[in-house]
Amino acid sequence: MINYLNDLIHNNREWVFTLAKIAGVLGILMPMIAYSVLAERKISAFIQDRVGPNRVALPLLGSIPILGPFLTRLGLWQPLADGLKSFLKEDFTPAHVRKVYFWLAPAIALVPAFMTMAVIPFGSFLGTEKMVLADLNVGILYTFGIVSLGVYGIVLAGYAANSKYPFLGGIRSSAQMISYEIAMGMSVIPVFMLVGDLNLSKVIEYQSAGFSSWLIFKQPIAFAIFLVAAFAETNRLPFDLPESETELVGGYHTEYSSMKFALFFMGEYAAMIAGSAMMVTLFFGGWTLPLFGLNEIPQADAPIWYGIAHIVIFLAKILVLMAIFIWVRWMLPRFRYDQLMDLGWRRFIPLALLNIVITAVVLFLTVK
Amino acid sequence: MIVKRSDLSWLERLYLPTLWSGLKVTFRHFFNTLFRGKVVTMEYPEQKWVVPTGYRGAPYLVKDQEGRTKCVSCQLCEFVCPPKAIKITPPGPQPNAAVGNVEKTPQEFEINMLRCIFCGFCQEVCPEEAIFLMSDYSLTGTSRKEMVYNKAKLLSLGGVHNDPIMKWKQKQKEAQQQEAFKPL
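Protein chains in written order, with our numbering: chain A, 577 to 944; chain B, 10 to 193.
All clues stand as given, with none of them false.
Estimated spans, in silico, between C-beta atoms of each pair:
id	chain 1	residue 1	chain 2	residue 2	range
1	A	L660	B	D16	51 to 59 Å
2	B	L28	A	E823	21 to 29 Å
3	A	E821	B	E133	44 to 52 Å
4	B	V34	A	V714	38 to 46 Å
5	B	V34	A	G772	41 to 49 Å
6	A	L660	B	V34	32 to 40 Å
7	A	I758	B	K47	39 to 47 Å
8	A	L664	B	G168	43 to 51 Å
No more than 30 Å apart at the CA atoms, straight line, and that leaves these computed lysine-lysine pairs for DSBU-like:
id	chain 1	residue 1	chain 2	residue 2
9	B	K57	A	K661
10	B	K72	B	K57
11	A	K794	B	K33
12	B	K96	B	K160
13	A	K740	A	K675
14	B	K93	B	K162
One-sided excerpt, in silico: chain B residues whose CB lies under 8 Å from chain A:
id	residue
15	T35
16	H38
17	F39
18	L43
19	K47
20	V48
These are computed hints drawn from the structure, not numbers from a lab.
Cβ atoms here follow ideal geometry from the backbone N, Cα and C, with glycine treated the same way.
The shape of chain A in the complex, shown without the other chains (with noise of 0.2 Å):
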């Protein structure tokens, strides 16, 4: 049996360790969506002079002297509570509602999320593996490719919902999903330009060298397109067009209840953490630290700790940018939904594209 394991492991190493790092990643992705829900829920509540949630405790756990009521008071059971309440609730669905578009417009709203973070590189190497799921070449254009997906999602949900707020939800969605694209995609060109690769670990390389080499730093217009087409992208506010609770009731997602309205949220989340991710390694140097020596490029056979410090770096960068996320919400209120288009079509694409005219002059006078 032991013999057996090991040919089988042996033989098909590559597959075994594919499917290891995506056990791996989805075993801290999910987890981490649950708790930036609870850190949502936090920071908003101290940005407006709230508690929080602060109740649920754990039957042992609570009662441990100090550390017990300090952890329920922080809140940190609440996902347990959460996601307990969306397995429990009824799955209502609506008699006018298109079945099976119905059924499909939550998975599409979630997967793509999950699918860009197949190309991330999120450490260095943990023993001899390189710390991404897939290496690819084009790992940007990927990356484009599947964010555009999330939006069908939502204009799908908002289709199939088959009523007035869903419907105003999903037009609005397919309104700021063109207008803020191209934006997004053409203010990313100049740091390729820099790089002069589409792999993203070899953006992440070019990064390493320090602090001034971190793309925000070379490329600060880049980073502004790029934050502003996330907060879009991810439907945040002040972007929050296909949602708006206040105007729309629910948005896109108003007919859908229990688990279906929790894979939407799982998806707003998921593609929040994925952003943050993209920006990382696009303009904050990825897993590399400039400190301590930790942004050497390591060898194959480097210490595991080594490995285990990228990834928690990465992890780090990701958290302050969800911070930065939930921040802007209570600082900004809605856009209308042509004040977006607006942004998007007659500010950001002249920006970008004079962005990649300026750097275009400056290698072009730079470099030999």
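Please arrange chain B on chain A, whose structure you already have, making use of the hints.
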């Protein structure tokens, strides 16, 4: 009145200063809440709202300083009560040996807190200042029966009312003197 709307300056149209001031405001609130404890939330079961004086909460019975139940079973509150929440069982003709034949402490006094509308008529009508609307505003119970408060519960919740006159002390003294008086 015409509101003058001046055109936005170049800087204002850039949107960035507004963005920055927004970040400042939200960060200030975040910081104050997290590190200075400036929270507006009142965590209800642990912290309770202190009601102002004159608030009409739940009606309870009171005793005077000497531990005498002030109610004399006149049943005025029972009659005036708009939702008929009060039910009084008077003691009957048997005199109470402890206090002499002066007052009629009720045998039983029940207020159905599910019916009570906290109007304050009982307090208004009471000639003995024996029932008061107090500051309790959150009455809970697990059954309807539990929400019918009996005399013992009402008295223990009501506590002592400092009565400057103590009318019945005098009346009791007179009654006892009368009983002790032997005519020739």
